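Residue numbers (our numbering), protein chains in the order written: chain A, 1 to 212; chain B, 1001 to 1212.
By construction, these hints were calculated from the structure, which means they are not laboratory data.
Quick caveat, the model's predicted, so the values are computed rather than measured.
In this text, a Cβ means the ideal position worked out from N, Cα and C, and glycines have one as well.
Hints may be right or wrong, so weigh each one.
Covered by chain A, according to a simulated footprint, are these stretches of chain B (three or more residues, beta-carbon under 8 Å) [stated by the list, open to error]:
| id | segment |
| --- | --- |
| 1 | 1068–1082 |
| 2 | 1132–1145 |
| 3 | 1162–1176 |
Number of protein chains: 2
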Amino acid sequence: MRIGILGSGLIGAKLGVLFARVGHDVTFSYSRNARKLESLARDAGPRARGGTPHDAARNADVVLLAVHWSQLNDVLEQAGSLAGKNVITCMVPLNEANTQLVVPNTSSGAERLAEIIPEAKVVCAFNTVPSEALFGVFERRSITPRPSLVYCGDDAQSKDITVELIRDVGFDPVDAGPLRTARYMEPFAMLGAQLAYGGAAGPELTYRFEWL
Amino acid sequence: MRIGILGSGLIGAKLGVLFARVGHDVTFSYSRNARKLESLARDAGPRARGGTPHDAARNADVVLLAVHWSQLNDVLEQAGSLAGKNVITCMVPLNEANTQLVVPNTSSGAERLAEIIPEAKVVCAFNTVPSEALFGVFERRSITPRPSLVYCGDDAQSKDITVELIRDVGFDPVDAGPLRTARYMEPFAMLGAQLAYGGAAGPELTYRFEWL
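Could you build all of it, start to finish, from the sequences and the hints given here?
In structure tokens form, the structure reads like this:
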């Protein structure tokens, strides 16, 4: 797949590197530091490159939205039309200090995004595990059972594509239903952040759902 | 411990039975059906009995608040003073249809409760696993690793007591920090509900956090 990364910070950068390592064509974009895009592309190997948000989105099969919530409007403006695209958001809608969800719990960042780009197919995924765990999970991907990763969305095809990408990076996908579930996934991301950064056990946190 | 159950519905009833089976003195209260309290007490064995909310709370070391959110004021009025008590809430603050959280995400049901009974020591626990999983987890309690159960609160002693009770019923306690984290745990309960009741795998759902 051709994957455009909008937002090459902690999570966008790491996911982009892993997507490229398993054989996807990845374009990194939207870093405060243009050199970082080049060094990321080098790290990620021959299937990766740096570019503008417009470059990243234009020919992409999948667009990963990984900017801070406060930058959403800016990056969407730079990306141009996302009509018809599979858009995976791993954003958590936080204030500038990252201490408080700013979208009321009658909605979610992912649902707000879907209202802003109604012609895109929005899936919410990759926001419930700290970025610090991603490489470790990828390295252990041959060990079962794999850690879970929940995702949700309203478009079946986009969800199927998301499932592939979740598996590619070493997780076991768990379907959390319609995009509306993002209003529970985003706070779950904050619970994970509390466990990862608030305790002594460190940030390399994963979770697994098990049915008895 | 002497444990008073306020709200003997799905979760209160099952936790009360398990607490009694491991040797705690349990008083069940606040069911729509007085006969249910008697039959619960019989099921739970000689350490259990039925009573009024006032009976349940008066001599309790621990009070478990397990009513529907809409019944909170009523049960608190019937229970009388909870000053100085360890109060564990497993409530999720939902509307009557159980479709929507009714406390804004700048707070939580548990934090609201602590404002209503400021002299009690409130811990949030037992709300993140479907009631359908409780007996199965208890029966498998000799198998490791056990499923996780997150809890949070601001009083260290109350949290220690909660840890004991979580272990008693077969889970591995995970400290999620201050009571404020309930604003993330309560939506996490809703994510679990979506996975338990919205999918084909059934409601006997557990989760486990693992650090790499």
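A quick look at each hint next to the structure:
With 0 residues bearing a CB less than 8 Å from a CB of chain A, the segment 1068–1082 of chain B misses the requirement of three and the coverage assertion fails. Counting residues of the segment 1132–1145 of chain B whose beta carbon lies closer than 8 Å to any beta carbon of chain A gives 4, which meets the minimum of three for the stated coverage. Counting residues of the segment 1162–1176 of chain B whose C-beta lies closer than 8 Å to any C-beta of chain A gives 3; at least three are required, and the coverage claim holds.
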